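Undergrad: Sequence:
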Amino acid sequence: MMDDMLAFENMEKMLDSDDAVRGCKALYRYIMDNESATHVTLAGACKVLNNSYDPRVVFSCLWALSNTPFEVLIPRYEFHDDEGGIHPLTASDVWEAKRHGSMPHPETGNLLEDYEDKVFLYFCPNRGRER
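Quick note on the working numbering: the sequence shown kicks off at 1024 and runs consecutively.
Treat the hints as calculated values from the structure; they're not laboratory data. On a predicted model such as this, the values are computed, not experimentally measured, just so you know. Even glycine gets a Cβ: it sits at the ideal position worked out from N, Cα and C. There may be inaccurate statements among the hints.
Stated by the list, open to error - Cross-link-like lysine-lysine pairs, in silico, DSS-like; alpha carbons within 27 Å at most: (1) K1141 to K1121; (2) K1070 to K1048; (3) K1036 to K1070; (4) K1121 to K1036; (5) K1036 to K1048.
To be verified - The following label-pair restraints were derived from C-beta to C-beta distances: (6) E1106 to D1039: 25 to 35 Å; (7) D1137 to S1115: 18 to 28 Å; (8) H1128 to F1082: 38 to 48 Å.
All chains, please: the whole structure from these sequences, using the hints.
TA: If you want it as structure tokens, here you go:
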């Protein structure tokens, strides 16, 4: 597992602003120090950072932490249907829906053209760097 100093050095090389580096370091510490954190959303990350960063900077931090060399966050997607069901999606499911402009309902197979407001991105901590 990458030690904190090496992680912070990589952040400084990878990110393009001091705000992004500071935000990324704070999120990294939060994720690594809080075993109870099982999901991280953009809104949740903004809250962890006391809403003191532009959401675009926070998203850059989430992106960095979900990619090599960090991989401390694993991106996940869910589809929330009108009946209250929550269905996990793969990144491929989301890309295919975007490409075609519609997606099949995960249970019924009915084609959905108004899916975009019902697909949610979040991140799961990967403290052990397991994929």
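Undergrad: Is the distance from the Cβ of H1128 to the Cβ of F1082 consistent with 38 to 48 Å?
TA: Cβ of H1128 to Cβ of F1082: about 28 Å, so the range 38 to 48 Å is violated.
Undergrad: Tell me if the straight-line CA distance from K1141 to K1121 falls inside 27 Å.
TA: It holds: about 13 Å lies between the C-alpha atoms, which stays within 27 Å.
Undergrad: Holds or violated: K1121 with K1036, Cα cutoff 27 Å?
TA: With a Cα-Cα distance of about 32 Å, the restraint between K1121 and K1036 is violated, given a limit of 27 Å.
Undergrad: Do the alpha carbons of K1036 and K1070 lie within 27 Å of each other, as the hint requires?
TA: Roughly 25 Å between the alpha carbons, so the hint for K1036 and K1070 holds.
Undergrad: Check the hint pairing K1036 with K1048 against an upper bound of 27 Å on the C-alpha distance.
TA: holds, 13 Å
Undergrad: Just tell me: holds or violated, for the beta carbon distance of D1137 and S1115 against 18 to 28 Å?
TA: holds, 20 Å
Undergrad: Range first: 25 to 35 Å. Now tell me if the beta carbons of E1106 and D1039 are that far apart.
TA: violated, 43 Å
Undergrad: Quick one, are K1070 and K1048 close enough, alpha carbons at most 27 Å?
TA: holds, 15 Å
In terms of the numbered hints stated before, the structure departs from hints 4, 6 and 8, listed from lowest to highest.
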